[in-house]
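Residue 20 in the working numbering sits at position 13 of the sequence shown, and the numbers go up by one each step.
Hints in this document: simulated from the structure, not taken from any laboratory. Computed from a prediction, not measured in an experiment: that's the story for all the values here. Please note that the accuracy of each hint is not assured.
Pairwise CB distance ranges, derived in the manner of DEER restraints [said to hold, decoys possible]:
1) Gln76 x Ala18: 22 to 28 Å
2) Ser110 x Gly87: 21 to 27 Å
3) Val14 x Gln76: 38 to 44 Å
4) Gly68 x Leu16: 44 to 50 Å
5) Ser43 x Ala12: 35 to 41 Å
6) Gln47 x Leu16: 17 to 23 Å
7) Met13 x Ala54: 50 to 56 Å
8) Asp55 x Ala15: 45 to 51 Å
9) Glu89 x Pro36: 40 to 46 Å
10) Gln76 x Leu10: 30 to 36 Å
11) Pro51 x Glu90: 38 to 44 Å
Ideal placement from N, C-alpha and C gives every residue a C-beta, glycine not left out.
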Amino acid sequence: MWLSAMVALYALLQGMMLLNVKYQQATHPESLIYGSWVEQDVAPYRADRIVISQHGVAIDGRVVATDFQFDGEFLTFHQGSEERHFKFQNENWNEMTLQTDKSYQPVFVKI
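All chains should be built: construct the whole structure from the sequences, respecting the hints.
Structure follows, in structure tokens:
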């Protein structure tokens, strides 16, 4: 009895998680953030440029990830062995900040 209750609870939780993922994909499609992004508040020749498309993420002309996750609040992808997290600042999805442990957290604006 106890084991079957645990299995049922696990199945219910898995179903809820799947529904949440489907909801996020419907309300926050990845295409909201497709485009070119430029780092702000640095000299133009030092600014990183990020391009996000259905093909993945490119930084300064190099493809760094062919897969990424977007949940409406965060963009996450792997660049080599490092996981990078960007937080969107508003619901227009036109400004994002790289979340780092350093005091400098670059801000990128969609152009």
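Query raised in the report: Taking 22 to 28 Å as the hint, is the beta-carbon distance of Gln76 and Ala18 inside that range?
Result: holds, 24 Å
Query raised in the report: Does the hinted range 30 to 36 Å hold for Gln76 and Leu10 at CB?
Result: holds, 34 Å
Query - Status of the given 38 to 44 Å range, CB of Gln76 versus CB of Val14 - result: violated, 29 Å
Query raised in the report: Does the Cβ-Cβ separation between Pro51 and Glu90 fall within 38 to 44 Å?
Result: Violated: the Cβ-Cβ distance is about 28 Å, outside 38 to 44 Å.
Query raised in the report: Holds or violated: 50 to 56 Å for the Cβ distance of Met13 and Ala54?
Result: Once the Cβ atoms are compared, 52 Å apart, the range 50 to 56 Å for Ala54 and Met13 holds.
**Report entry** Pairwise beta carbon distance, Glu89 to Pro36, judged against the given window 40 to 46 Å
**Finding:** violated, 26 Å
Report task. Take the C-beta atom of Ser43 and the C-beta atom of Ala12, compute their distance, and say whether it sits inside 35 to 41 Å. Result -> Check failed, 52 Å falls outside 35 to 41 Å.
Query raised in the report: Taking the CB of Ser110 and the CB of Gly87, does the distance hold inside 21 to 27 Å?
Result: Hint holds: Cβ distance 23 Å, inside 21 to 27 Å.
Query raised in the report: Between Gly68 and Leu16, does the C-beta distance stay in 44 to 50 Å?
Result: holds, 49 Å
Query raised in the report: Using the C-beta atoms of Gln47 and Leu16, is the stated range 17 to 23 Å upheld?
Result: Check failed, 47 Å falls outside 17 to 23 Å.
Query raised in the report: Falls inside 45 to 51 Å, the C-beta gap from Asp55 to Ala15?
Result: 49 Å Cβ-Cβ, so the 45 to 51 Å window holds.
Hints 3, 5, 6, 9 and 11 from the list above are not met by this structure, while the remaining hints are.
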